[in-house]
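Student: What follows is each chain in one-letter form.
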Amino acid sequence: MLAVNFLLLGAVLFCIGVYGVIARRNAVLVLMSIELILNAVNLNLIAFALIKGTVDGQVFALYVVAIAAAEVGVGLAMVLMIYRNRRSIALDELSEMKG
Amino acid sequence: MMLAADAAQLSSGWFLENAWLIALIPAIGFGLIIAFGKKMPMKGSEIGLLSMAASTVLASGAAVQWIQRTDSADKGGEEAVGLIQAFGRSVPTVSEGGEVEPFIEPVVSTWVWWQNSGLEFGIGSSVDGLAILLLWLVAFISLLVQVFSLDYVRGDRRYTHFFAALTLFSAGMLVMVMAENMVQLILGWEIMGLCSFMLIGHWWEEYPNARAALKAFFTVRVGDVGLLVGTAIIFFGANQWAVDNLDSNGFNIAAIQAWALSGEGSHILLLMGAIALFIACIGKSGQFPLHTWLPDAMAGPTPVSSLLHSSTMVVAGVFLVARIYPVFWQGFNIDNGGLSFIAVIGGITIVIAALLAFVQDDIKKVLAYSTVSQLGYMMLGLGTGAWLPAVFHIFTHAFFKCCLFLCAGSISHSASHHSFDMKKDMGGLRKKMPFTFAAWIVSTLALAGIFPFAGFWSKDEIIDNVGNNGYDFLLIVGFGGAALTAMYMTRATYLTFFGEPRGAAAGLHDHDDFDDTHAEEHEMELLTVGAPEGPTAEEAAADAPRSLSAATNTDHHDDHHDDHHDDHHDDHHAEPHESGPLLLIPILVLAFLATISGFANATPLGEEWESIKKYVEPRPVEVPIEDYLAQGAGESLQLVMPTATGDALTADDGAKVCGFETPAAGTVCFFPAVTHAVPKLSKILAATATVVIAFAVAIAFNVAYYGRRNKHLVGLTERSRTLRGGYLFLKNKYYLDALYENVIVRWVAHPIAKAAYWMNQKIIDATVDGVGKSTRRTGQWVYDNIDQKVVDGAVNGSGFVASETGHGLQPVQSGKVSQYGALLFGAAAVGAIVLVIVNVS
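Line order of the protein sequences matches chains W and P. 540 is the number of the first residue of the first sequence in our numbering; add one for each residue after it. 167 is the number of the first residue of the second sequence in our numbering; add one for each residue after it.
Excised from the complex, chain W in its bound form (with noise of 0.2 angstroms):
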């Protein structure tokens, strides 16, 4: 079935966007497989809207995108704090939120 091609392709998007999460160094690389969380979800939102047969999913699915950009938009904001302060992005450098 359609749909469930969907899901599957939203769950191989997931899980690269949470080994890039957990495994990649680089700040911006960090912020880009979170998109691909984020656009697995979207995936999984409009599916299950096309299953149901109703729009709610859609409109979820742009509101996850709007704020995906005003995430992004702070997200690449630090990054570029952090980038004047210490002239490098990676993140395993990073341990000031040590506790």
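Be careful, since some hints might not be right.
Unchecked claim - From the structure, some residues in chain P lie toward chain W, with a derived Cβ separation under 8 angstroms:
# : residue
1 : Ser984
2 : Gly987
3 : Ala988
4 : Phe991
What the hints assert, rightly or not - Pairwise CB distance ranges, derived in the manner of DEER restraints:
# : chain 1 : residue 1 : chain 2 : residue 2 : range
5 : W       : Met636    : P       : Glu970    : 19 to 27 angstroms
6 : P       : Lys955    : W       : Leu615    : 54 to 62 angstroms
7 : W       : Met636    : P       : Phe966    : 24 to 32 angstroms
8 : W       : Leu589    : P       : Glu970    : 48 to 56 angstroms
9 : P       : Thr941    : W       : Met636    : 53 to 61 angstroms
To be verified - Some residues of chain W that are not near chain P, with every Cβ distance over 12 angstroms (derived):
#  : residue
10 : Leu552
11 : Asp595
12 : Ala608
13 : Leu615
14 : Leu619
15 : Met620
Don't read these hints as lab results, they were simulated from the structure. All of these numbers come straight from a predicted model, not from anything done at the bench. Don't be surprised by glycine CBs; every beta carbon is placed ideally from N, CA and C.
Fit chain P to the known structure of chain W by using the hints.
Tutor: Same frame as chain W, now just chain P:
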């Protein structure tokens, strides 16, 4: 059904409908004096004068309109006479002229300030003839006394407050007089009591004055308990009837009157209510045995004595009896000629007070006992069914007694250097104070009842009616009282105005400074009279120790009350002289009224002279309830005619008479049909002869005793044991004060005080202490256990737990972003797995 109710218009008017202004203006005046008085050019006295003048004008207008109202009713009645006579029956309320006298509705305007479940409390004015009479009297006399006070208390340290209290008193009395319900009456009554207290104690820095004020207040309070109890009794008796029949309640005075005469109230209830209310009148109107406060109240300034304690406030008790007369009429069986409680008390009071007046050296105390005695006459009249003469006596007595007090004030102000002691500081003043002397003589003749002065028409009318109603013994008491009155007034007149000047009246200044030791000093002096100069010097020296003040060696414990420290301004008092115009004008106005006011109801001259009877006495006719309810204040009023069903009314037995039989169905009575004695020349002559003989005897005695110092008379009380005993008995005022203070207060109040103290210390304090101690213990325990262990433990414990948890979880916070991501997604994965398992299974 022969209903002879003729519709006619009873005239009303602005003054009648707005009579409440008469009381409101002085009340506002009081507030203004208190607030701004001290800044005014005349220290606030002008506000008092203006408000009393306004009240007098309004009251005069209301009186005129009331007369018009009565006349309009009587004109309307003439047409109905023919109707009633056409049925060939006599109507009891037809007066000798054959004219039907309809019932005149009071003009009521009230404002309801509180209501609850149908019970309404209003305040406002209910104006009928009796109210009009008293309203005008109080406003007018207040005005005159305030004029007198302008000069009399000038320079006093509490000048403003004096006028404020006088004005407030007038407001209170006016409120009481126009009361439409008992609650308003009690309000006015208590305001008067408060003002009496404040004014008696006006110079409270001196202990006797403060003590007299307290004594007056507490003695009257004893009676006032009766007022509250009586009002409550009457309320519970009358309320249901009033609600059912008159759409009113048990506090409404008109409803109480109607209920008492309806024959539907239980007699025992009426009797109890009447006794309780009369006890209040005993206290307020200085009747035996609570009269003791009134002579002591003379410690106040003289204007206060003349306004409150002779002419207006003390007649409040008489007014109360006259106002709800049906209650007393039925309660004490006055209709059956029963010997009522009121008449007995009145009779006793007349005689005992008149006797006490003989042994007073203080001119104001003579007048005070005279007032008590005259109030006894009023009560005697009311108690024997002589309603009209008693009310008339209120009217005339106010003028001549107020005048006498003002004369006494004039003497002390201008001649005797603020002393009121007739024996020490007066004598021979008739040439030096001719106007005061003339006014005094006129008022004395009025008080004694000599034709044509006021008292002749009122007091003799009371005595005549007492005899006419069948009270033979009380008739003799009345005559005896009249004779005694003439005698003690002769004594006072002789000591004040005749003989040789003594003390301050002779220009001696032996006590310039008025301090607290003043009284005691004089008590120790056996002789203060007998001025060393003049032809009588030897004579005075001869029998010096028992000169005019021989009485000083009697040991009366409250002698210091007799001393009055009057106003303290120290202008020169070189020689006794006539008072100034501000003092004389009120005196002369009152003396003029004391001369002519008797003609307001000169019964012996014929019916056309009986204006008080016509305009003041309520008509004892049956009023149909529908008409009564239909009549609003000042609206188009139904003229009410006597009515009855046809068969109840025949030519023989006449109609039913209010107060003797129950009113016909559907009608109410508001006033009993009191009888009026037909004046006989023989009785008038007998009364006059009694008084004249008493005068003659008294003049002869006084001249012999005080003037010539007759050896047989002087010192008689020293020689004869019986006379001495009697003298001491009087001098000590029948030991009533001793009874009250040493017996009742000591044996009743002291144990109560002790018991109360014991209660206070052992029970209330112990309880409070115990509660305090146990509370402290509980608090300590709570602090030790609950606060320290439970609450603090919980707080510390949670902090400890949080700290330990934080330490335990510290390694998780590595600071590595990727590690956080792994944890997040791991947790999400675990959560997803749990969700799947839960949902699947």
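Student: If a hint holds in the structure, say so; if it does not, say that too.
Tutor: Do the hints match the structure? See the list:
1. The interface hint given for P/Ser984 holds, since its Cβ lies 5 angstroms from the closest Cβ of chain W, which is under the 8 angstroms cut-off.
2. A cut of 8 angstroms between beta carbons decides the hint on P/Gly987: the least distance to chain W is about 4 angstroms, and the hint holds.
3. Hint status for P/Ala988: holds, given a least beta-carbon distance of 5 angstroms to chain W, under 8 angstroms.
4. With a least beta-carbon distance of about 5 angstroms to chain W, the hint placing P/Phe991 at the interface is held under the 8 angstroms criterion.
5. About 22 angstroms separates the C-beta atoms of W/Met636 and P/Glu970, a value consistent with the hinted range of 19 to 27 angstroms.
6. The beta-carbon spacing between P/Lys955 and W/Leu615, approximately 56 angstroms, falls within the hinted interval of 54 to 62 angstroms.
7. For the hinted restraint 24 to 32 angstroms between W/Met636 and P/Phe966, the CB-CB distance of approximately 26 angstroms keeps it satisfied.
8. Between W/Leu589 and P/Glu970, the C-beta spacing of about 51 angstroms keeps the proposed range 48 to 56 angstroms intact.
9. The hinted range of 53 to 61 angstroms is satisfied by P/Thr941 and W/Met636, whose Cβ atoms lie roughly 54 angstroms apart.
10. Consistency note on W/Leu552: stated as away from chain P, and its beta-carbon is indeed over 12 angstroms from all of that chain's, at 14 angstroms minimum.
11. At the 12 angstroms boundary, the C-beta of W/Asp595 stays outside the reach of chain P, the nearest C-beta of that chain being 21 angstroms off.
12. Every beta carbon of chain P lies more than 12 angstroms from that of W/Ala608, the smallest distance being close to 21 angstroms; the non-interface claim holds.
13. With a minimum CB-CB distance of about 15 angstroms to chain P, W/Leu615 clears the 12 angstroms threshold, and the non-interface call stands.
14. The beta carbon of W/Leu619 sits about 16 angstroms from the closest Cβ of chain P, which is more than 12 angstroms, so the claim that it is off the interface holds.
15. No Cβ of chain P comes within 12 angstroms of the Cβ of W/Met620; the nearest lies about 15 angstroms off, and the non-interface call holds.
Checked against the numbered hints above, the structure breaks none of them.
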